[in-house]
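Enquirer: One-letter residues, chain by chain:
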Amino acid sequence: MLYNKYLKMHIKSSLEYKANTIFLATAQVLVFVAEILGVWMLFERFDTVAGWGFYDSLLMVGIVMTTFAFTECFARGYDEFPNLIKSGSLDRLLVRPVNIYYQLFGAKIEFSKFFRIILGIVISIIAIININADWNALKIIVLIATYMCGCVVIFSLMLIAAGISVYTIENLEFVNIITNGSKELAYYPLNIYNKWLTRLFTFVIPVACFNYLPLSYIIGVGNIPLWLCAISPFLGILFIIPCLIFFNISLKRYQGTGT
Amino acid sequence: MTKIIEFKDICKEFKIPEKRKGKWSTFLNFFKRKYRIINALQNVSFSIDEGDIVGYIGPNGAGKSTTIKIMSGILTPTKGECIINGYTPWKNRKEYVKNIGVVFGQRSQLWWDVPIVDSFELLKDIYKIKDSDYKETLDLLNKALNLDELLSRPLRQLSLGQKMKCELAASLLHRPKILFLDEPTIGLDAVTKLAVRDFIKYINKVWHTTIILTTHDMNDIEALTNKIILIGKGKILYNGSFDTIKNKYANEKIIQVEFAKAYENISLNGYELISHDKNVAVFKTLENTEFHTKSFINDISKNYDIIDFSVNSLSVDEILARLYKEYELQEK
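Going line by line, the protein sequences match chains A and B. Heads up, the first sequence is in our numbering, so the first residue is 1 and it goes up one at a time. Heads up, the second sequence is in our numbering, so the first residue is 1 and it goes up one at a time.
Because the hints were derived from the structure by calculation, they are not lab data. Built from N, CA and C at the ideal position, the CB exists for glycine as well. A hint or two may mislead.
Here are the simulated SDA-like pairs of lysine to any residue, each with C-alpha atoms no more than 20 Å apart in a straight line [as the list claims (entries may be wrong)]:
hint, chain 1, residue 1, chain 2, residue 2
1, B, Lys163, A, Arg92
2, B, Lys284, B, Ile245
3, B, Lys124, A, Ile249
4, B, Lys246, B, Trp207
5, A, Lys8, B, Leu123
6, B, Lys8, A, Pro97
7, B, Lys91, A, Arg92
8, A, Lys5, B, Tyr134
9, A, Lys252, B, Lys79
10, B, Lys128, A, Arg96
11, B, Lys124, B, Glu136
12, B, Lys124, A, Arg96
13, B, Lys91, A, Arg96
14, B, Lys124, A, Gln103
15, B, Lys34, B, Glu18
16, A, Lys86, B, Lys8
17, A, Lys252, B, Lys91
18, B, Lys130, A, Tyr3
19, B, Lys98, A, Asn99
20, B, Lys124, A, Pro97
21, A, Lys12, B, Leu123
22, B, Lys91, A, Lys5
23, A, Lys252, B, Glu13
24, B, Lys143, B, Tyr202
25, B, Lys135, B, Trp207
26, B, Lys98, A, Arg92
27, A, Lys183, A, Asn99
28, B, Lys79, A, Gly256
29, A, Lys5, B, Lys128
30, A, Lys252, B, Lys143
31, B, Lys124, A, Asn4
Partial chain A-side listing against chain B, Cβ under 8 Å, derived [unchecked claim]:
hint, residue
32, Ser13
33, Arg92
34, Val95
35, Val98
36, Lys183
Which stretches of chain B does chain A cover? Using the computed rule of at least three CB atoms under 8 Å from a CB of chain A, they are [as the list claims (entries may be wrong)]:
hint, stretch
37, 95-106
38, 112-123
39, 313-323
Generate coordinates for the entire structure from the input sequences, incorporating the hints supplied.
Expert: See the structure below:
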């Protein structure tokens with residue numbers, strides 16, 4: 001398969017820069033320790049925050065970390081889309097007889113994020129064992145859907161950022177605020193924040209769909225109907241549809257204007 | 001001869017955001033931009049026969065790259081029709097690009113950090129080339145370009161000339177019917193330039209590949225092709241054989257004369273003095289006059305004591321400069 005070839009090429013490339021990859025991975029471990037310490041210190045002072053306990057929040061950290069790292073690792077080509085335009089690499093992709101979406105997945109794979117995926121999974125497992133939930137098959141399905149929803153929503157945000165870059169060429173900071181901002185916020189169950197912030201990250205950008213909504217269902221708390229919480233990750237996945245349409249329009253526009 | 005490329009009334013407009021000046025310019029630009037329309041191509045029509053090598057020339061900013069991008073399916077024109085190899089490039093992109101190869105002189109398609117041969121193998125998968133075909137093609141390219149020792153090295157270790165050889169090979173692995181070369185000899189040394197030219201001719205001969213190249217090096221044109229398309233300010237100015245243009249300026253001669261001593265003022269009836277430094281002067285024949293050696297010597301030795309002189313025709317570069325000037329393409 002073509003993707004395996006891309007994967008092999010990227011592994012070979014990163015092996016050329018072993019020291020660099022190791023430094024990057026080390027830096028990410030340090031960031032990880034700081035992040036976990038932050039959550040831990042908060043719950044050291046207050047046993048619960050808005051009804052959520054330490055392990056509930058830890059599960060949020062696990063989900064965010066795993067899904068962000070996974071998407072940043074494997075969809076790096078979309079993340080780097082502005083650079084592909086600037087360097088002319090996009091033109092290169094367009095003269096190849098392969099679907100452009102496929103090629104963008106192959107364009108860049110960021111292995112330094114691999115560590116974070118593993119750390120995210122470890123954190124998730126610790127949290128899952130310790131949270132107060134009666135596990136059953138349905139809950140496991142919702143949990144898996146939550147992780148999928150996370151990857152899809154983050155990928156959708158990348159599509160929006162990539163699409164905008166066609167119009168501006170520059171990498172706009174406010175797009176980073178949305179992606180990184182939602183990452184920081186999602187370390188805690190979102191409903192602990194201000195009402196408007198919660199609504200923004202539920203209805204406009206469906207971060208809540210891989211955050212406190214499915215968690216409410218799994219633990220069985222909260223005042224939102226549980227069935228709604230259960231299907232929330234599936235609804236969140238639908239966010240990709242408008243984002244794909246937007247990206248597609250932008251790509252067409254790129255072919256109309258060039259640079 | 002069958003026509004493989006047909007361009008009909010292709011127009012391409014670009015909207016360029018206009019910068020405001022003044023204190024609040026950045027702020028205002030963010031909200032409302034003014035646009036200026038640039039006509040990169042205006043009713044460009046031409047056709048190219050299968051198996052031809054065509055030089056696509058013009059000064060910087062004439063619309064060469066835009067044309068190449070439209071022909072390779074990257075850009076969609078504002079207006080017009082274009083049929084290449086039976087396809088409209090921007091409509092059936094995936095099908096169409098299987099049969100073309102593109103080399104952008106200053107951007108690589110090879111991977112920076114992995115051996116060249118790995119990049120080639122990736123292209124083999126991208127174009128779904130059969131094992132046997134791939135081997136045969138690589139063998140042929142290898143022989144023609146001497147790639148042997150380069151293949152195991154990563155791109156970053158190669159010189160500019162070696163890179164260009166690998167780029168050419170990479171764009172030909174799938175044996176395209178049409179090859180677009182955007183400034184293939186830019187920055188190359190003399191020996192590599194010759195090798196690249198020979199290779200282009202060779203590929204054209206063995207595979208009957210149609211080749212369109214843009215270049216600023218007129219020696220490329222002279223060595224490779226007899227057909228040129230001259231574009232300027234988005235319009236086709238000339239489409240035909242290069243010899244016709246060369247013959248047009250064949251009568252013009254440059255005469256350099258060396259005198260026995262330094263003269264203050266030099267002038268000669270029927271010739272234009274181009275430069276004069278101590279005892280060396282350079283003349284040019286006037287338009288529509290033929291040069292006769294005998295009458296020139298007679299005329300000049302009447303008033304001056306000459307030691308030596310040489311007569312030269314215009315170089316290809318000078319012809320092109322003249323052509324640009326004639327069409328008022330030169331930036332002032």
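Enquirer: If a hint holds in the structure, say so; if it doesn't, say that too.
Expert: Results for each hint:
1. Distance check on the hinted pair: Lys163 of chain B and Arg92 of chain A sit about 16 Å apart at the alpha-carbon level, within 20 Å; holds.
2. Among the hinted pairs, Lys284 of chain B with Ile245 of chain B is consistent with the structure: their alpha-carbon atoms are about 19 Å apart, no more than 20 Å.
3. About 31 Å separates the Cα atoms of Lys124 of chain B and Ile249 of chain A, which puts this hinted pair outside 20 Å; it is violated.
4. As the CA atoms of Lys246 of chain B and Trp207 of chain B are separated by approximately 30 Å, the hinted pair breaks the 20 Å bound.
5. For the proposed pair Lys8 of chain A and Leu123 of chain B, the alpha carbon gap of about 14 Å is at most 20 Å, so the pair holds.
6. Distance check on the hinted pair: Lys8 of chain B and Pro97 of chain A sit about 25 Å apart at the alpha-carbon level, beyond 20 Å; violated.
7. Distance hint between Lys91 of chain B and Arg92 of chain A is fulfilled; the C-alpha atoms sit about 17 Å from each other, no more than 20 Å.
8. The suggested pairing of Lys5 of chain A with Tyr134 of chain B holds, with an alpha-carbon distance near 16 Å, which does not exceed 20 Å.
9. Distance restraint check for Lys252 of chain A and Lys79 of chain B: the Cα-Cα separation of roughly 16 Å lies within the 20 Å cut-off, and the hinted pair is therefore satisfied.
10. For a cut-off of 20 Å, the pair hint linking Lys128 of chain B to Arg96 of chain A stands: about 11 Å separates their Cα positions.
11. Restraint check for Lys124 of chain B and Glu136 of chain B: the C-alpha separation of about 12 Å stays at or below 20 Å, so the hint holds.
12. Between the alpha carbons of Lys124 of chain B and Arg96 of chain A the distance comes to roughly 11 Å, so the proposed pair stays at or under 20 Å and holds.
13. A threshold of 20 Å between alpha carbons decides the hint, and for Lys91 of chain B with Arg96 of chain A the separation of about 14 Å falls inside it, so the pair holds.
14. A hinted pair counts as satisfied when its Cα atoms are at most 20 Å apart, and Lys124 of chain B with Gln103 of chain A qualifies at roughly 15 Å.
15. Between Lys34 of chain B and Glu18 of chain B the CA atoms are separated by roughly 5 Å; this keeps the pair inside 20 Å, and the hint holds.
16. Between Lys86 of chain A and Lys8 of chain B the alpha-carbon distance is near 30 Å, which puts this suggested pair outside the 20 Å criterion.
17. For the proposed pair Lys252 of chain A and Lys91 of chain B, the alpha carbon gap of about 11 Å is at most 20 Å, so the pair holds.
18. A threshold of 20 Å between alpha carbons decides the hint, and for Lys130 of chain B with Tyr3 of chain A the separation of about 18 Å falls inside it, so the pair holds.
19. At roughly 12 Å between alpha-carbon atoms, Lys98 of chain B and Asn99 of chain A fall within 20 Å of each other, so this suggested pair holds.
20. For the hint pairing Lys124 of chain B with Pro97 of chain A, the CA-to-CA distance comes to about 12 Å; that is within 20 Å, so the pair holds.
21. Proximity of Lys12 of chain A to Leu123 of chain B is assessed by CA-CA distance (about 16 Å); at most 20 Å being required, the pair is judged to hold.
22. Our distance criterion of 20 Å between C-alpha atoms is broken by Lys91 of chain B and Lys5 of chain A, whose separation comes to about 28 Å.
23. Only pairs whose Cα atoms come within 20 Å are accepted, and Lys252 of chain A paired with Glu13 of chain B is accepted, the gap being roughly 15 Å.
24. Using a Cα cut-off of 20 Å, the hinted pair Lys143 of chain B and Tyr202 of chain B holds, with the two alpha carbons roughly 11 Å apart.
25. Proposed proximity of Lys135 of chain B and Trp207 of chain B is supported: the alpha carbons are some 16 Å apart, at most 20 Å.
26. For the suggested pair Lys98 of chain B and Arg92 of chain A, the alpha carbons sit about 13 Å apart, so the restraint of at most 20 Å is met.
27. For the suggested pair Lys183 of chain A and Asn99 of chain A, the alpha carbons sit about 30 Å apart, so the restraint of at most 20 Å is broken.
28. Among the hinted pairs, Lys79 of chain B with Gly256 of chain A is consistent with the structure: their alpha-carbon atoms are about 11 Å apart, no more than 20 Å.
29. Distance hint between Lys5 of chain A and Lys128 of chain B is fulfilled; the C-alpha atoms sit about 13 Å from each other, no more than 20 Å.
30. Of the pairs offered as hints, the one joining Lys252 of chain A and Lys143 of chain B is violated, with about 41 Å between alpha carbons and a cut-off of 20 Å exceeded.
31. At roughly 13 Å between alpha-carbon atoms, Lys124 of chain B and Asn4 of chain A fall within 20 Å of each other, so this suggested pair holds.
32. For Ser13 of chain A, the suggested interface contact is upheld, since its CB lies about 4 Å from the closest CB of chain B, less than 8 Å.
33. Hint on Arg92 of chain A holds. Least Cβ distance to chain B is approximately 5 Å, under the 8 Å limit.
34. Residue-level restraint check for Val95 of chain A holds (minimum Cβ-Cβ distance to chain B is 5 Å; threshold 8 Å).
35. About 6 Å separates the beta-carbon of Val98 of chain A from the nearest beta-carbon of chain B, less than 8 Å, and the hint is met.
36. Hint on Lys183 of chain A is violated. Least Cβ distance to chain B is approximately 26 Å, over the 8 Å limit.
37. Coverage of the stretch 95-106 of chain B by chain A holds in this model, with 6 residues showing a Cβ closer than 8 Å to a Cβ of that chain against a need of three.
38. Check result for the stretch 112-123 of chain B against chain A: holds, 7 residues qualifying (beta carbon to beta carbon below 8 Å, three or more required).
39. Chain A is given as covering the stretch 313-323 of chain B, and this is violated because 0 residues of the stretch bring a CB closer than 8 Å to a CB of that chain, at least three being needed.
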